[in-house]
Each structure stands twice: as C-alpha cells, then as structure tokens.
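> Under numbering that gives the first Met the number 0, think of the first position of the sequence shown as 0, with each following residue one higher.
The set of hints was computed from the structure by calculation and includes no laboratory data. Ideal Cβ placement from N, Cα and C applies to all residues, glycine included. Treat the hints loosely; a few may be bogus.
[Stated by the list, open to error] Derived CB-CB ranges, DEER-like: (1) Arg75 / Glu96: 20 to 30 Å; (2) Ser275 / Ala45: 32 to 42 Å; (3) Gly44 / Arg75: 14 to 24 Å; (4) Glu163 / Val77: 30 to 40 Å; (5) Arg75 / His104: 20 to 30 Å; (6) Gly128 / Pro47: 26 to 36 Å; (7) Arg105 / Asp66: 33 to 43 Å; (8) Glu183 / Gly103: 13 to 23 Å; (9) Arg75 / Asp111: 36 to 46 Å; (10) Val154 / Ala198: 40 to 50 Å; (11) Ala58 / Gly138: 17 to 27 Å; (12) Glu183 / Asp66: 14 to 24 Å.
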Amino acid sequence: MRRRSDVSISRLIGHCKGGAAIRRLRLAGTAAIALLTASAALATGAGPIAGNPLIAVSAGPFVFGRDDGPDNERPRRVVQGRPFAINRTEITNRQYEAFVAASGHRRAFYADHPLLGLPDRPVVGVSWGDAIAFCRHYGLALPSEQQYERAARGVEGDAFPWQEGPRDEARANVGADVCCSGDERDGYPMTAPAESFAAGASREGVLNLVGNVWEWTSDVYAPYVGVSTTAEGRHRVLRGGSWNSDARHLTTTYRLAYDPDFRFAANGGFRCVRSSP
C-alpha cells in the first residue's frame, strides 16, 4: 500500500509529464498558427494600394538566368525562392498621385503629359529613389531581380510570362520591330493602361511583366557568377522591356543597368512586393 505522499508525488509527476506534453502541443500549435499567419499575409488580396491587389507567388525552386542569351544573363541555374506577393499591375499615375498627396513627395516627371500622365497608365518619369519611397509608404518594397524573374517566368524558365509562344501585339505593349519606334499595332503609341493585355498575364495572373514600361528592381547591377561587366556598382537593374523596346529586350531574363537617379525616362516605372517575414 502506497503512502498518501507517494500518491501525491506520483500524481505530481503525472501532471508534470502531462503539462509538458500540453506545452509541447501548445508550442506546436503556436508555430503552426504563425506559419498560417505568414502565409495568409502573403495570400492574394487587396493589399494596401487601392486598385492594385497583391498576387501571391509560392515558394520553391525555379529556373533563374539562361545560357543562350547575353553574357549578363548567364549562367542558367535553379535557385530556391521564398514566397512573396507582387502587385498585379505596374503602379499607375492615379496611385502615384495619391501617394504624393498623402506624403508630400515630388510628382512624377511626366505627371501632366497628355498621354503618359493619364490616370490609368503606369507612372513613368520616376527615379529608383522615388519608387523606393512609394513602396515604403505602403509597407512594401521593390522586387528583387529574383522575385521579378520568378513572377515573370514561373518555375520552369519560360521565355515569356505567357509561357511559350509568339511575341505579338495581343500579349504585350512593345515596339514590335524597331527600338524607340512607338509601334501602334497594339493600339497604343506609348504606354497602355496598366490593366491591358490579359492574354500576356503570368501563370499567377500578373500583368505586363514584359512590355509597357521597364520596371525598377531593388538590386544593384552586378554580373552573375564568372561574367565580366563594365557597368559601375551604383547602377540598379531594370526588368521587363517597354512600349518602345525591340525584341531582344522583351524576355523574362533581360537585365538593363540604369542610373538610379535618372527620372526622365518616358518608359520606366515600377511595382511593389510584400516579402515573407
């Protein structure tokens, strides 16, 4: 027969073991909730910018770079991507003007242009710093090169956001034949509305990742491994090509080094991302 004290100690040990198990379950549950919360934060949704929802892009390996293009796109390799969410369209003049009104930041250089300044067109005439300021105002950031390329080409290394197929006026706003021509066969002599060209959307439904306007990324321009370059280390990378680009610029991998302080380009804009914690 056990003494009362033995029974009490036995119960206490049992309670401690049970309590430890409960605590482990609680910790596991808390971790699971945190993971779900992080995933939910990156899920497709309205986002902080009115009229420009954030589109979720999943984590996982994807093809980055290519071997059959310019030297600065090499080598082709597989990298591990983290989840993020990206604006469905480029930032528009309407959205940029709302930011200017709220923050007192300077206006875009082409804000009053009769075509480039239309409310539904992508904002152009903004420096890298202007783009950074806009995204930060909404708790977002500029996409990295890897994020932009993952959003544009998917996981299998597609040449275009619409996977494979001809580059034509139904899928992108481009200078189809000659650089800087302002080719009008797609219906637009300059920029097109940011919601245009649904036929050229990415697998996730992101629009105009090729054509319409070049887009700032967060990265300093540098060569990939083993490739030389003459560009200075202060340049930033533009991606995607634009309304007056020729065919060689209009792929998901093309990289353009650009002066981050220059704000007079009529074909350069941006969009924002929300990265995983």
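> Compare the structure with each hint and give your call.
Hint by hint, here is what the structure shows:
Range check, Arg75 to Glu96: Cβ separation about 41 Å, and the 20 to 30 Å hint is violated. The hinted window of 32 to 42 Å between Ser275 and Ala45 is violated, with their beta carbons roughly 19 Å apart. Between Gly44 and Arg75 the Cβ separation comes to about 33 Å, which falls outside the hinted range of 14 to 24 Å. Distance hint for Glu163 and Val77: a CB-CB separation of about 19 Å, inconsistent with the stated range 30 to 40 Å.
Against the hinted window of 20 to 30 Å, the Cβ-Cβ separation of Arg75 and His104 comes to about 39 Å, which falls outside the hint. The beta-carbon spacing between Gly128 and Pro47, approximately 20 Å, falls outside the hinted interval of 26 to 36 Å. Here the CB-CB span from Arg105 to Asp66 is close to 42 Å, well matched to the stated 33 to 43 Å. Taking the beta carbon of each, Glu183 and Gly103 are about 37 Å apart, not inside 13 to 23 Å as hinted.
Distance hint check for Arg75 and Asp111: the Cβ-Cβ separation is about 44 Å, which falls inside the suggested range of 36 to 46 Å. Under the hint 40 to 50 Å, the C-beta atoms of Val154 and Ala198, about 21 Å apart, miss the expected range. A hinted range of 17 to 27 Å holds for the C-beta pair Ala58 and Gly138, which are about 21 Å apart. Between Glu183 and Asp66 the beta carbon distance is about 35 Å. The supplied range of 14 to 24 Å is therefore violated.
Checked against the numbered hints above, the structure violates hints 1, 2, 3, 4, 5, 6, 8, 10, 12; every other hint is satisfied.
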